[in-house]
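Visitor: Top to bottom, those sequences are chains A and B. Numbered per this note's numbering, the first sequence spans residues 913 to 1234. Numbered per this note's numbering, the second sequence spans residues 19 to 304.
I should point out that these hints are in silico values taken from the structure, not numbers from a laboratory. Possibly wrong hints are sitting among the right ones.
Straight-line alpha carbon distances no greater than 25 angstroms define the calculated PhoX-like cross-link-like pairs of lysine-lysine that follow [unchecked claim]: (1) A:K1119 x A:K987; (2) A:K1047 x B:K200; (3) A:K1034 x B:K200; (4) B:K200 x A:K987; (5) A:K1024 x B:K200.
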Amino acid sequence: MEQTPLVEVSGLRKFFPIRKGLLRRTVGNVRAVDGVSFSINAGETLGLVGESGCGKSTVGRTVLRLIEPSAGSIKINGNDITAVGKQDLRALRRQMQIVFQDPFSSLNPRIKAGEIVGEPLKVHGVGDRGEREAKVADLFRLVGLRPAQMNNYPHQFSGGQRQRVSIARALALDPGFIVADEPVSALDVSIQAQVINLLMDLQRDRKLSYLFISHNLAVVEHISHRVAVMYLGRIVEYADKTALFAKPLHPYTEALLAAVPLPDPALKRTKHRVEGDVPSPINPPSGCHFHPRCPYAEARCRVEAPVLRDVGVGRQVACHLR
Amino acid sequence: MSATISHSFWNNVSYNARRYPLGVAGGIIMIVFVLAAIFASAVAPLDPFNTNAKASLAAPGPVYLMGADMMGRDVFSRLIHGARVSLAVALGATIIGSGIGCAVGLACGYIGGWFDLLVQRVTEVMQALPLLVMALVITASLGPSLRNTIVAIAIPLIPTVARVIRSNVLSLREMPYVEAAKATGMSEWRIAIIHVLPNTLAPLIVLATAQLGSTILTEASLSFLGLGVPEPYPSWGRMLSESAAEYVRTAPWLVIYPGLAISLVVFGSNLLGDALRDALDPRQRD
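Bound conformation, chain A alone (with noise of 0.2 angstroms):
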């Protein structure tokens, strides 16, 4: 059962400096990604949940290096993605990619569909011309879209069209592993079913290794194999999915998952909400991040900061209470 996984991140550190003055002097960070680990197998799907601001997308971005990340370490199939130079990691890209939120952004409005999914094998040298063009067109039918719609540009496309495209460029070099950054969140409900299920076949097609970033529980719970929960740039629990659906253990999953609608208006809310706002990650509070805003908040919760530790098989909660 034991396998290396594919992903593993440890330690992972991302600070943004705040500078002020003519000097441009360094006057305090934005700790945006504040010691993260999390491993991925082959084939699996890890869901990383969180409020906006948690720091969620710079994990997604930091792990593919688009961010330089401020410490830690990144390892995908073993290689260390952070100890490499410039035309190491551009060789190491083949192994990694992306997909974005937004689907009018994320494709240039000026360069025909067909040209955008070609580019990482252009980039890569990968082929002569009519061997590009023929993979081009058997990605297209791979992720549900027609060879002919090649030649359209990017506004010629539905919004769930478009993000087909991103998964085919995405797919275009045959990664391993790749960040899914809230994928779904710009669609219509009836194509986000679409697009999660294309993803999850695709996943079992070609074993993909998914790091899933979305604040939509319901298809974080539909898509995942673990999941990760952040807050204010650390993670505070992290479970299968099952268990962390079953039984939250960290007063903020616990909150969030309250917090999802109940299609049966008849369901009376069992569980508190979340009161007010993410604190600023400039300036988080002391002790656990969440006291401020948890109901069962202990002197202890002020002063000492919890640490992730293991309960239970595969499960770490950061709380001194659980």
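Chain B: place on chain A using the hints.
Guide: Same frame as chain A, now just chain B:
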């Protein structure tokens, strides 16, 4: 292969010609002027330099189609020869100024940091001076000639274009499609050329066509001050400025025709520019 490409190119041109009739009109105006400038000696009915005391300030008629100036030189012929200078200055200065400005703006927006900071301060200093004053200083130090006039007018255009392109590039480089290209391992320069530059085309065309007219007028002012293209070679700007004050009442043709020529070129280039901007934008097609 090349046959199919040129075939689709002409298909494209005829398709867009039907879509943008105003652009076609603008294009025709520009082509007529450019042809007149190139074949000036063949087109002009009279010698533009030949003075004739008897014909001084002659009204438009069968010999002098657009009248004659104080020295009895044919206005129509001078206008056609003047197109050479005026168009060379207008197109030359606009293309050089926009081209360099575009490169500077792209570099600033892309490289950023100290380079950007430095270049931005320099452009601010340049923009603090009026276009004419700066062109004056440059021609005064380089000496009057056609080439120097073009350079003198092109340089003050650079900061305006550079700033517009820079701000455009700053927003474009944050677009997810640029990030996606980065994720595929594309080099920064290739991203700049393939993904960023083409998307700055629309503001660039608008800016360039707007500046075309002002370059002709700047050349006129320089000529009026004796720092433009040297006498006796005619330019529209000088024909206009020489006669505007003195003869506007007694011989209005000396003012009207050069003024009309300048207006037509500005009008034509604006029509053409607008149509080009739309035609080059795939979102405007169906």
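Visitor: For each hint, tell me whether it holds in the structure or not.
Guide: Checked hints:
1. A:K1119 x A:K987: holds (18 angstroms)
2. A:K1047 x B:K200: Measuring from Cα to Cα gives roughly 21 angstroms; hence the hint holds.
3. A:K1034 x B:K200: holds (13 angstroms)
4. B:K200 x A:K987: The given pair, whose Cα atoms are some 19 angstroms apart, holds under the 25 angstroms limit.
5. A:K1024 x B:K200: Holds, at roughly 18 angstroms.
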